Every structure is written in structure tokens, then in C-alpha cells.
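Go ahead and model the full structure; you've got the sequences and the hints to work with.
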Amino acid sequence: GSSLFLKHRYGVGYTLTIVQTSPGVSVATDIVHRHVPTATCLSNVGTEISFRLPLASSTSFENMFREIENYIRGPSKYQESCSSFCQGIESYGISVTTLEEVFLRVSGDNFHEDDENGYYISRTGSMNTIIEASTYTLTKSPNSKFLFGVHLKFVRWICATLGRICTSIFDAACGFVTLFTLKFCSCGLIPRSIFWQHSKALLIKRAIYCRRDRRSVIFQLFIPALFLLFGLLFLKIKPHPDQYSITLTTSYFNPLLNGGGGGGPIPFNLSLSIAEKVASHVHGGWIQKQEPRSYRFPDSEKILADAIEAAGPQLGPALLSMSEYLITSFNESYQSRYGAVVMDDQKNDGSVGYTVLHNSSCQHAAPTYINLMNAAILKMATGNEHLMIQTRNHPLPMTISQRSQRHDLDAFSASIIVNIAFSFIPASFAVTIVKEREVKAKHQQLISGVSVLSYWVSTYIWDFVSFLFPTSLAVILFFMFDLNQFVGTGCFLPTIVLFLEYGLAIGSSTYCLTFFFSEHTIAQNVVLLIHFFSGLVLMVISFVLGLMDATKSANSLLKNFFRLSPGFCFADGLASLALRRQGMKQGSGSSTLDWNVTGASICYLAFESIMYFLFTIALEILPFQKLNLMAIKEWWQNVLTLQHDGSNDHFQHLLGSYEDSSSSIANEDIDVKAERQRINSGLVDNAIIYLHNLRKVYHARKNHARKVAVHSLTFSVQEGECFGFLGTNGAGKTTTLSMLTGEEKPTDGTAYIFGKDIRLYPKAARRHIGYCPQFDALLENLTAREHLQLYARLKGVPEINLDDVVKEKMVEFDLWKYADKPSYCLSGGNKRKLSVAIAMIGDPPIVILDEPSTGMDPIAKRFMWDVISRLSTRQGKTAVILTTHSMNEAQALCTRIGVMVGGQLKCLGSPQHLKTRFGNYLELELKPSDVSSMEIENLCKKIQENLFDIPSHSKSIISDLEMCIRGTGTISVQNISEISLSREMINLIGRMLGNEESTQMAVLPVPSSDGLYGEQFSEQLFRDGGIPLRIFSEWWLAKQKLLLIDSFFLSSFPGASFHGSNGLSIRYQLPYGEGSSLADIFGHIEHNREALGIEEYSINQSTLETIFNHFASAQ
1 GSSLFLKHRY
11 GVGYTLTIVQ
21 TSPGVSVATD
31 IVHRHVPTAT
41 CLSNVGTEIS
51 FRLPLASSTS
61 FENMFREIEN
71 YIRGPSKYQE
81 SCSSFCQGIE
91 SYGISVTTLE
101 EVFLRVSGDN
111 FHEDDENGYY
121 ISRTGSMNTI
131 IEASTYTLTK
141 SPNSKFLFGV
151 HLKFVRWICA
161 TLGRICTSIF
171 DAACGFVTLF
181 TLKFCSCGLI
191 PRSIFWQHSK
201 ALLIKRAIYC
211 RRDRRSVIFQ
221 LFIPALFLLF
231 GLLFLKIKPH
241 PDQYSITLTT
251 SYFNPLLNGG
261 GGGGPIPFNL
271 SLSIAEKVAS
281 HVHGGWIQKQ
291 EPRSYRFPDS
301 EKILADAIEA
311 AGPQLGPALL
321 SMSEYLITSF
331 NESYQSRYGA
341 VVMDDQKNDG
351 SVGYTVLHNS
361 SCQHAAPTYI
371 NLMNAAILKM
381 ATGNEHLMIQ
391 TRNHPLPMTI
401 SQRSQRHDLD
411 AFSASIIVNI
421 AFSFIPASFA
431 VTIVKEREVK
441 AKHQQLISGV
451 SVLSYWVSTY
461 IWDFVSFLFP
471 TSLAVILFFM
481 FDLNQFVGTG
491 CFLPTIVLFL
501 EYGLAIGSST
511 YCLTFFFSEH
521 TIAQNVVLLI
531 HFFSGLVLMV
541 ISFVLGLMDA
551 TKSANSLLKN
561 FFRLSPGFCF
571 ADGLASLALR
581 RQGMKQGSGS
591 STLDWNVTGA
601 SICYLAFESI
611 MYFLFTIALE
621 ILPFQKLNLM
631 AIKEWWQNVL
641 TLQHDGSNDH
651 FQHLLGSYED
661 SSSSIANEDI
671 DVKAERQRIN
681 SGLVDNAIIY
691 LHNLRKVYHA
701 RKNHARKVAV
711 HSLTFSVQEG
721 ECFGFLGTNG
731 AGKTTTLSML
741 TGEEKPTDGT
751 AYIFGKDIRL
761 YPKAARRHIG
771 YCPQFDALLE
781 NLTAREHLQL
791 YARLKGVPEI
801 NLDDVVKEKM
811 VEFDLWKYAD
821 KPSYCLSGGN
831 KRKLSVAIAM
841 IGDPPIVILD
851 EPSTGMDPIA
861 KRFMWDVISR
871 LSTRQGKTAV
881 ILTTHSMNEA
891 QALCTRIGVM
901 VGGQLKCLGS
911 PQHLKTRFGN
921 YLELELKPSD
931 VSSMEIENLC
941 KKIQENLFDI
951 PSHSKSIISD
961 LEMCIRGTGT
971 ISVQNISEIS
981 LSREMINLIG
991 RMLGNEESTQ
1001 MAVLPVPSSD
1011 GLYGEQFSEQ
1021 LFRDGGIPLR
1031 IFSEWWLAKQ
1041 KLLLIDSFFL
1051 SSFPGASFHG
1061 SNGLSIRYQL
1071 PYGEGSSLAD
1081 IFGHIEHNRE
1091 ALGIEEYSIN
1101 QSTLETIFNH
1111 FASAQ
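Residue numbers (my numbering): 1 to 1115.
Just so you know, the hints here were simulated from the structure itself, not pulled from any lab data.
A quick note: this is a predicted structure, and the numbers were derived from the prediction, not measured.
Hints may be right or wrong, so weigh each one.
[To be verified] Straight-line distance between alpha carbons at most 30 Å, and here's what the computed DSSO-like set of lysine-lysine pairs gives:
(1) Lys347 to Lys277
(2) Lys440 to Lys941
(3) Lys817 to Lys440
(4) Lys763 to Lys200
(5) Lys817 to Lys763
(6) Lys927 to Lys941
(7) Lys927 to Lys435
(8) Lys673 to Lys435
(9) Lys927 to Lys1041
(10) Lys795 to Lys707
(11) Lys763 to Lys442
(12) Lys807 to Lys795
(13) Lys756 to Lys707
(14) Lys745 to Lys440
(15) Lys942 to Lys1039
(16) Lys440 to Lys707
(17) Lys756 to Lys817
(18) Lys942 to Lys927
(19) Lys795 to Lys435
(20) Lys435 to Lys817
Here is the structure:
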């Protein structure tokens, strides 16, 4: 049905809100129940009380509103005698049920039929869920989905094995942390303090997270060890140092696949007679005859040209010819040729010379062919074909010195592999830290009370403990592969110290780098490359420079800077251990702990472990909120500007123009100005939060102008108050909350939380805050239960009460059935529930909620509203600051609202106060009664009887009329349905009925801008050729009724305006304020309702949304 029909049938009625002069009085309740006995009280908070009135009771509204207005205007004689009048009524307002409430009633259960009973049922259902879910256990995702979905059995077995190992390790670590923090602390070995309690909670968080994040665990723990294993195995794949002897023969060349063969073509220059004689005695291949030809050698090949010149005028051309011949004669046999022979002329003393050209890809080609030619010359000289020369190549065994050198070079290669493998570890450190900051989980933990030192110490401890696993595997592999340079006598201690100090130094240095990144994926890749280049590459550069005498002094100087990199210290220390016996490292001594062996690296690593960690703490504490390359560049430009200008204009540019703020303060609304004066006067005794001239300016950047995000904001929040921030995107709401929670630093001004200045004592102020950010700050691998346990520990909930507190919070937010699901499996609405539950756990006195109901369906949203309402208004102990884009949410929850526009408060007060001040009109929606069948038949009959009595009409219209009637003679009532009216006939009938304007506008081909005449017949006229008379008659009667209603409201309520219709209902905007009252409006409508034919109607005071839109349009 229409919205008005649905509201009347399924709606909950009107909501009457009355603001009393003082809390706790009963005058408003007495008035409402006297006139509307069925009214129910919805809320009674402070001076504001709300009632629900049935829609059917609208006839009683006039008298009820008149009595309320009499209390507002002043006492009557009778009221003056009433002692209760001294506590009267300040203002009131009314609103009608919304379609959202209709949806809740239709789609919901008993919870939505009755709020009070519904809450009881919801709670009962949740308790039943607890009983049913008590045996629910966390089921782990199948390993078949792990490692990119590969379903091969072998891969699944590996994954399952590694998963079980990881689970066992981290279960043991989690148990160790619990034992360490509980048992030892209780024994007095470690003082029980907030620091250790927070550290324990954070260590348990890391243990649980790593247990579920198996990919990161494998990347951090197993990849370095596997990379090192395969690297060391690769070093073993090489020829044995003691090789066997080999006979030099051509039978190894061109063997057949099935055995035999060997030899192949031997290019031979036969231009001389002696060459033919020697060639006849060559065995081991067939002679490939080659004749010399002229060949011009290019001048650019100077080296070969010099060789030809040295060979002489007789041998040179032959060598040139042989090169060309080898290229052009390959197709003759397609066999590889490993040697060629060019014979020299026989000398006078009978000696014979020759030149062998050999294929350098064959190691033994040159000696083999030399031996082959010597044997052929021997046979020729002796004439004995059975003589032969056999030559063997038998390498001598390696000496002790050579073996030692070989082992040291293997160890040096192993040190390079270790550096490459361990470059992956700091990248995994960075991922966790940057990801927590990226999703705002780190800030959430800091707001929950975690100190900066506790956060980084626990992170440092966990990363170092996890570093011990790949270190242990690396040392085991050193023993397995007999790398005595690292684990031998006198070398084991420096190796272990290098590994341990490298783990400490690489962790703290990586923490410093994480401040430059806002995305964990980029951080992972960049940190990996940084540690790879600053470690291995610098070590290789230093090694090469140290080998050359000319660069040794420069290398000694550069190493002092290179050692600022933990990766270089680690790589240089291992390389020095590996090459210590060879004397290849500059200044290497006999002791493994000498300064130029491992001493310098060990000392530098120890210093860097402390220095980089302190630098990390400094970066966290000092106001470098968003440290990146752009910020550094801007800072340097600011410094240069100060040097050149030497004036204070630059600081004025950073702080923004205070003249703008002064003018904005002068033009403030009276309520905002009153609040500012109250704060400035020090009247904030009961306020647990108050802001004093809080200001935030973002100075100009590249492509961004200077922006004043928050203009001197001043207001307070009392205990038990729900303060609502309304504003468009960019109005400054989230920036204000970020300053309150410590995420952003104020440019000027400050805020006080329980008397603590957020600029001077940020940690003490944050301890009182529970914060739900705009975007869910959840760790994806932690379950809902584990999130609540983490933040309960951080907020000081004792371990003995931890399970009860977490269970209560999960029941309160209806999260029990999702208790053991990782947060990445939760829907958007359940994630918001979990975020709000995190903010509220531990019962903080201040809860800041930044758009808490975003992404929720109406049912879940109302459930959330009820939880927040119980927290603040019903318990009366907690102050809630809420930002939202939902006006219904602000109306339902907030006891006071501030609308922000352009960083300024434009109005301030309770919802009803804002409606009374700025809502100067009412929204009326009504539905006329339906036209009866009798009225339609009477009009059709009237048109039929008067069709031919019209005094003047053209012949074309007469013929048109005859076509409409489809026949001649008179028209009876029985064939009314046969009449189809054309455009001209409709205009003629409109003239006859006295309102031709209505018909003319209805048949226009272009839609009319007037809503009352907006229904168009042109489309049906074009499609069907005419409009049935009965349909036209029904439209005409309905239109006349609308005109009557329109005339009534426009004349009865000066300033009223038509706001559209949808065919079933009409909307008007009625003036409200001076000269008009709700009693007058309701009374006037009720007295004329029957005459106007109004079937049902509803009146709604200006909503917060219209007030908000009014202010937001000025931004």
C-alpha cells in the first residue's frame, strides 16, 4: 500500500516529545494520559519525556495541545493554585511513525511489536543461545584450502605437517606467556603492574594471530630455513675435488645414441704436399678437405689481424680461409667439429709444423688434437701404422691448503645465502606492525590504555622469540653441512652472538622504517629490498674494495658508515669468519673476536639494538604523526622558508587565520555562544569532557590548500549524556574525535577529560575512553571472543572475571553465535557490533562512537540503539559522544545535538529544542477518500445528457463526437463503457463542466510542472486513440476533490505550500510558530475532515533531517 496506508495500519502512531522546566515532574504525564489514556511513555531522560500516541486518537489532540500550550504561555487562575505548575512545560513537538518502524513491525518478531517486552524476549533468546552454544568449539579451516588451493596429496601433507608444527609452537608460546605472567608474578619474581598485564595481553594476541596466519608464519620461519637448506645443497652439487684420469681420444666426440661412433669430421688444409701425407695417417675421424681462398679480413678485428700477421704470409691466409670454411661447410655432415688442422710447409731440416684450431667449448679438444697430429706424424716418419701415442690427463689430488681454501670459499658462499634468506624475516616484522596501524587496531589498543613502551616492548619480545626459530634451524644446518668456519672451535660463540644481536638490531631498525609506510603490502616489499641491499650488496662492495690496495683505505672509512646497517654487520661478520684463515679480509687477525673479524660487527649490533629501539619510541612519542618522504620534504621547505624570510608569517600560515575564527565566533548561534560563555566562565563542575577553543589546521600542501578543519570548538558533555555530532562529510566531526582520542594533535586549544588536559596528559586522558572508530579496527584472524578478551585485559579486567565479562558483552550485543568466528568471516553489521562492544567493554565512563550503525539493517540498527540507550540514558553513568548520518539515530539516542558545518558548531541543544527553534513548519500528508461508483455514474450520465445540448461547436467536433460514440442516435447508460474520448472531446467536456484548464493541462504532450494537474492522458491518447469515459469521469471527480482540499489548506493556513503528490496521497508544508499552534492545526483539520473527504492524515513536526539539510546547505 501507500506509505500513509502502511503507517496507519502497521505504524506505532505519533511520538509526542515534551520538554519540562525541570526533571522528575508529572504534569506532562497527567495531561497526556488525561486526554489519551492509551498513550505509553517511551523515555524520560532529564527534562525531556516522550510518549507514543495511537493514530486513531487524533481527535483528542486539539484539547490536549491547547492545555499543553496554556502551560507554556502562562498559568491560568486555576493553575496558579496548583503547586505543580512551578514545574511546568517549556516546549513540545510531535512526529509521526516512519516507514522504518513499519518495516520493523512487519518483518520482525515480538521484539518489534513491543519494545519493552521485545527486549526481554531478545535477552531470553540470547541466554538460550548461551546454553546451546556452550559446547561450540572453534573449527579450523581445512588445510586443503591452504597454499593457493593446491589439492595434491603431497602438498597437503606438507601443509598439514607445517600447520601442526606451527600450532604446537604457538600453543606452547601462549601457554608460556600465561605461565610467565601469572605464576611468576604471583610468586613475586616480577612486580604485578599494568605494564606487564598489557604486555601479556599483547603477547597472547600475537601468539593467537600467528597461529592462524600460517602463511606469514611460513614466510617468517620456514622460508629462510628452506632457502638456506637449498642453497647449501646447491653448493654440494659440484665435481669432486679429486678427479679420475681420462684418456685423450676423439672417441668421446659425436657418440651415437646406441653406443659406438665418436670422432667426426676434421677440417684439414691440404694445400701442401706434406699435409696430404700426414692426413693419410690421421685416425679418429675423417678428413674434411679444405682449400684456401682469398678472404679480406675486416680492419676492426685488430687482434685476429695481428695473429694472422704473426703467422706469416704463408700460414696467415690459410687461417683466414679456415674460419670462413668452418662456417660454410657445416651442412656437409651436421656433426660437431672440435678441432681443425692447418699444416705448415716442411722445413729444410725435415721438421713439420702445424696449427690446431680447437673448439673452446670442449675442455680437452686442444690436447686431444695435438696428440692426434703427433701420432700421425710419428706414423708417417716411421712408416709403422701400429705405433701410437697415448696421452692421459690425471689431476693431482688437492693439497691441504687447497682444501682449506675451498671450504672457506664454500663458507663464504653460505654466508651470502644466509643473508639472502634472513632478509625475509624483517619484512614479516613490518607487515604485522603496518597492518595494525593501517586498520587502526594499534590506535585502538593505545586508546584502551596500552602505553607506547608496553606496545613496542611486547612486539620486540615476540619478534625476537620468533626469530630464534629460523636461527636455530640455520645453526643446525651449519652442523649438518660441516661448516666449521661458523660452528667449529672458537667460531660457535661469535656466530651465535652475531645471530642473536642481528635479531635484536634488525627488529628495532625495522620498527623505525615502518613509520614511513601506510600499506602493509608496500612495506613488506620495500623493507625486504632495503635489508637485502643494505646487507648483502654493501658487504660485497666492501669485500671488493678491500681486495685492491688502492681502495683499502677508502674501504676502512666506508665501513664505519656501512656498519650503521644491521644487515651489513651481520653479513660482514659471517664473511669475516668464513675467510679468516685466507687473509682475504683486511686486517683479519687470528682470533674470531678481533675487531676486524667479528668484534666490530658485534659491538655495532649491540649498540644499534638499543639505539634504533629508542629511536622508535621517540618517533612514537614525539609529534611526528604521519612520517613519510613528503612530510620530510615539506619540513625541509619550511626550514628554508624560515631562513630566507626570518619572519613569523610562516607560523601564522601554519596556525591559520585567527581573524576567521574571531569572525565566526562573533556570528555564532545564541545557544552555541551561551555554551562557550559557560565554559569560559568555568561552570563545568559536572562535565566529564569539555573542549576549550579546540582547533585543527591542515597547512597547505602540494595540490591542497590550507584548511581549517575545526574552528575553536567549545562545548561540554555531562555524565549520562549522549551528545550527537551531525554534519556532512568533511565537516570536522571525525577530526574532533581524533583529537579527543589522541590520533591527531590539536593545532590550538585543548580538551579536558576528567580534568586531564589531552595535550599534557594524553595517556591519562585516554584511559577513560572507549572508542569505536568509523572503520572497524579489527584484526582479521582474531575471533569475536578473542577481541573482547584482548581489550578486557587491556582495560584491567581481572583474569578470574574475564570469561564472565566477555560472555556478558557477547550476549548483550547478540554475538554469541559468532563468538568463535574470525572477524574476517563476520558480516558488516556484526563487525560494527563487535567494534561497539570493544568500545564498551570494561565499562569506560566515556564512549566515543563514530557512525556505529553504518552497514546495519534496520532491525540490527534498532538493537544497537537500545544497547547504546541503556548505556547512557538508562544507566546514567556513561557519557556518549556519537557521530552519525542517520537523523533517526540521533533522534532516538541523543539527549543533545550539535550540527557542525565547515568545522563550526551551527546549533546546539536537545532534539526537541532544535525542532522548536529551527523547525518553523509542519509536514502534512493526507489521503482523500475514494470516489464512489455512484458519483462516477452520475457524472457519466450528466456528460451523456449534455453532449448534444452544447450551443456552439464546430463540425469537426461533431464528427469527432460521432466517431467517439461509434454510432448514431442517443447514448444509453448501458453503453457508456463504449464511449472513448479524444483530446478535442476532453477539452470540450472540460469547458462544459466549467474547468477547461484542468483538461487542457491533462492532455498536454509535455508533463505539467503543477502536481495537481500532473497526470497526463497524452500517452494513452496516442496509444489507444482515446480515453474511456468512465476513466475520465473518475479522474475528474478525484481532481475536483484535490482542488477543493488544496484551496482549503492554502486559504486556511497562510504560507502553506503544496509539496507534491503520488496519486494516492498529497503532501503540504504548513507554517508553524508564531500565530499558529498544533492545537489550532489539528482542530481545524478535524472540524473540516468530513467535508473535505479526507480519509486519513498525519502531521509531523520538522525532522532533524530537514534542520540538518538547512545548515548543511551553507557549507
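Checked hints:
Only pairs whose Cα atoms come within 30 Å are accepted, and Lys347 paired with Lys277 is accepted, the gap being roughly 15 Å. The suggested pairing of Lys440 with Lys941 is violated, with an alpha-carbon distance near 76 Å, which exceeds 30 Å. Restraint check: the Cα-Cα separation between Lys817 and Lys440 comes to about 26 Å, which is no more than 30 Å; the hinted pair holds. Between Lys763 and Lys200, the direct Cα distance comes to roughly 19 Å. Compliance with the 30 Å bound is thereby established for this hinted pair.
Of the pairs offered as hints, the one joining Lys817 and Lys763 is violated, with about 35 Å between alpha carbons and a cut-off of 30 Å exceeded. As the CA atoms of Lys927 and Lys941 are separated by approximately 27 Å, the hinted pair is consistent with the 30 Å bound. For the proposed pair Lys927 and Lys435, the alpha carbon gap of about 56 Å is over 30 Å, so the pair is violated. At roughly 43 Å between alpha-carbon atoms, Lys673 and Lys435 are farther apart than 30 Å, so this suggested pair is violated.
Distance check on the hinted pair: Lys927 and Lys1041 sit about 11 Å apart at the alpha-carbon level, within 30 Å; holds. The hinted pair formed by Lys795 and Lys707 fails the criterion: a straight-line CA distance of about 36 Å is larger than 30 Å. Restraint check for Lys763 and Lys442: satisfied, since their Cα atoms lie roughly 14 Å apart, inside the 30 Å limit. Between Lys807 and Lys795, the direct Cα distance comes to roughly 16 Å. Compliance with the 30 Å bound is thereby established for this hinted pair.
Simply put, Lys756 and Lys707 have alpha-carbon atoms about 28 Å apart, close enough for the 30 Å limit, and the pair holds. For the proposed pair Lys745 and Lys440, the alpha carbon gap of about 16 Å is at most 30 Å, so the pair holds. Distance check on the hinted pair: Lys942 and Lys1039 sit about 17 Å apart at the alpha-carbon level, within 30 Å; holds. Annotation: proposed proximity of Lys440 to Lys707 holds, straight-line Cα distance about 24 Å (limit 30 Å).
For the hint linking Lys756 to Lys817, the alpha-carbon distance of about 40 Å lies beyond 30 Å, and the restraint is violated. Distance hint between Lys942 and Lys927 is fulfilled; the C-alpha atoms sit about 27 Å from each other, no more than 30 Å. This hinted pair checks out: Lys795 and Lys435 have alpha carbons roughly 23 Å apart, not beyond 30 Å. Of the pairs offered as hints, the one joining Lys435 and Lys817 holds, with about 27 Å between alpha carbons and a cut-off of 30 Å not exceeded.
Consistency note: the structure conflicts with the earlier hints numbered 2, 5, 7, 8, 10, 17.
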